[in-house]
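Model the full assembly from the supplied sequences, consistent with the hints where possible.
In this note's numbering, the protein residues as written are 1 to 522.
Among the hints, erroneous ones may be present.
Each pair of labels, with its calculated beta carbon distance range [as the list claims (entries may be wrong)]:
hint, residue 1, residue 2, range
1, Asn443, Asn44, 51 to 57 Å
2, Gln489, Gly435, 48 to 54 Å
3, Asp484, Asn443, 57 to 63 Å
4, Lys270, Leu380, 34 to 40 Å
5, Glu266, Lys153, 42 to 48 Å
6, Glu206, Ser61, 56 to 62 Å
7, Ala438, Glu485, 50 to 56 Å
Simulated from the structure, these hints should not be mistaken for laboratory data.
Just so it is clear, CB atoms sit at the ideal spot from N, CA and C, and this is done for glycine as well.
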Amino acid sequence: MSGLTKDCIKKWRESSNFEEVIHSLRSVNSNLGQKFAFPELDENVRKDVCEFFVTAFPEASANLQCALLELIRILCRDKNGINSLFSEELVELVLKAAGIFPKSKPTDHSVLMEAVKCLVNALFNSVVARTGFENKCCQLMIQRDQEIIKHLKSIQENKESVEDKGKETEYSCFFDYLEGIPKDVLELLLFFDLRICFVASAHSIELQKKWVEDSENTQIFLEVLKFACRKVPIPGSKENDWATESLKILFNLYCHAQMYDFEIAELCAKECSNLVQNPAVDDDLKQNAIHLLATMPSCLSSLCPELTEQQQKEINTTKIYENFDMRFVDSTLELLSRKIDKTGISEVDLLSTFFTTLIHLCKNHKAARRYCRLKVIPPLKAQHVEMPPDQGKTLRNKIVRLLTSPTHCKDLAAEFLFVLCKRNVGRLVKYTGLGHSAGLLANYGFLGAINDPRRANNPLNHMTEEQKEYEAIQLANAMNKLMDEGIFQPASIGPDGKPVAVSHVNELIKNVPSEEENSDSD
1 MSGLTKDCIK KWRESSNFEE VIHSLRSVNS NLGQKFAFPE LDENVRKDVC
51 EFFVTAFPEA SANLQCALLE LIRILCRDKN GINSLFSEEL VELVLKAAGI
101 FPKSKPTDHS VLMEAVKCLV NALFNSVVAR TGFENKCCQL MIQRDQEIIK
151 HLKSIQENKE SVEDKGKETE YSCFFDYLEG IPKDVLELLL FFDLRICFVA
201 SAHSIELQKK WVEDSENTQI FLEVLKFACR KVPIPGSKEN DWATESLKIL
251 FNLYCHAQMY DFEIAELCAK ECSNLVQNPA VDDDLKQNAI HLLATMPSCL
301 SSLCPELTEQ QQKEINTTKI YENFDMRFVD STLELLSRKI DKTGISEVDL
351 LSTFFTTLIH LCKNHKAARR YCRLKVIPPL KAQHVEMPPD QGKTLRNKIV
401 RLLTSPTHCK DLAAEFLFVL CKRNVGRLVK YTGLGHSAGL LANYGFLGAI
451 NDPRRANNPL NHMTEEQKEY EAIQLANAMN KLMDEGIFQP ASIGPDGKPV
501 AVSHVNELIK NVPSEEENSD SD
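The following block contains the structure:
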C-alpha cells in the first residue's frame, strides 16, 4: 500500500506539527516514487490531494512546498484520474513556484527546481496544465531561457578573458531571482526549461505556430543549440542534453510551419549540417539534427553549395562532385548506414527522416542526386549480381532490406531509390529486384498497365467500294493459289464431327439457306 488515503490527507490538513506532515509526506513519496500507475487511488483521494495542496502550499515552508510538489510530480505520471488531481488553482500555484507566472517570483531555489520537475510531468499528461501554461506563461519561459544563456555565456567569457574576470551580465528585473543560484543548478534549470518547452510544443500546434512565427523565439532556441555545441567534441552530458532538447523543440516548431523566417531556418539548417559532418559528435545527436532538417526542405540545397577553385583548395576535401561541396551528403549517407545497422525492426521508422531529407535534396539538387547514385547504386559488377540485392554489407543492400520491412519507412526508402533511378522502372528493378520494388510500382500503378491490348483500326473504313472489290478479288486469288499449291484445303464438318475435305469452295455454301427463305417481308 502507498499509505496515501483519505484519512492520511485529513491528518495532514488537521495537524499543526508541520515537521510531522513533512516526514509523512516524504514517506508517502518514497513509497510511490518507484511506480508509474496508481490504480489503488480513487478519484476522491486525488481530489483531496488537490484541495490540500491548494490550501497548504501558499503559506507552507520551503521543505513542505518541495514535498507537496514532489507528490504532485509523482501522481501525475498516471494519466488515469489526472483531471481529478489538477485544478486551475493548483496549476497556477505550480507555475508561480516555477518562476514563470506573471508578477510572481519564487523565493526559494529548491522549490523552484522541484516545481519545474513537476511541471514537466504535468504538461505531459494534463490538459489543464497545458492550457494554463500556454495562456499565461509560455513567453516568460522563453525569456528566462534567454536570460540563462546570456548569463552562462558571460561566465564562459570571463573564464577565457583575464580582463573581464569577475564581471557577469545582470539579469533583467523580472528574473533577478536567479541571482545567487549556483552555476550547476542554473545549468540544470536550463535543461528542465527546455524540456518544458519541448513537451508543451509537442502537444499544441497553436503554440508551435505562435513561437515559430516570432523569429526571436526560434532565434533563442538556436542560440541555446550554438552555445551547447560551441566546442566539439561536446564537453559534457549537460551540453549534449541542451543540444538534444533544442533540436527537438525546433523540430516541433518547424514540422507544421507554413510561414517562418527563412533566414533563421537556414541558420538552423547550417548548424545541423555542421553537427552531421563532425566525426566527434554523437550519432544520436546527429540523428536529431537530421530530424530537424527533414522539416525544412527549402533550405537543403544551400548545404551543398557550388565552390570556386579557390574555395576547393581552402577546404581541402575529396568530397567534391561537379564543383559542389558534398561533405554533408556523404556524412548523411555514412550516418544512415551506421543507424540501419544499429536500429531494431521496431524502431526502423525513426530512419524515415533520413530518406525524407535525401529525397528532397536529390529532387532539387542534380549534383547531389548524382553523387548519391554513385554512392548508393553504383554501376553493377559481376560480384554484385552473384547474390540477391538484399544480401551484403553495402548501403544499397541495407536499403533494399528495408523495402520488405513492415514499416512506413519502406515506402520512403523505395521512393529514395526510385528518385536515384530518375523514376526509371527498368533501372529500379535492375538494382533492387522485381520482388523488392513491386510494392512501390504497384502503388504508382505501373504493374497494372503493362502491354494493354489495343484495338486495331478497320482498314476498310476509309475505302471506296471499288477499292474494297479490288481487295476482295486479290484475297480470293491468293487463296486459290494456296489451294492449288496444296498448302491448305477447305473442309466441312462431317457427320462424325470431324473435318472432311471438299473439292471446291462452293460445296461449303450448298446447304446455306437463301436470304429469301429467311426474309420477314411479305
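Notebook entry, point to check: Which numbered conditions among the earlier hints are violated in the structure presented, ordered from lowest to highest?
Noted result: The structure conflicts with hints 5 and 6, although it agrees with all the remaining ones.
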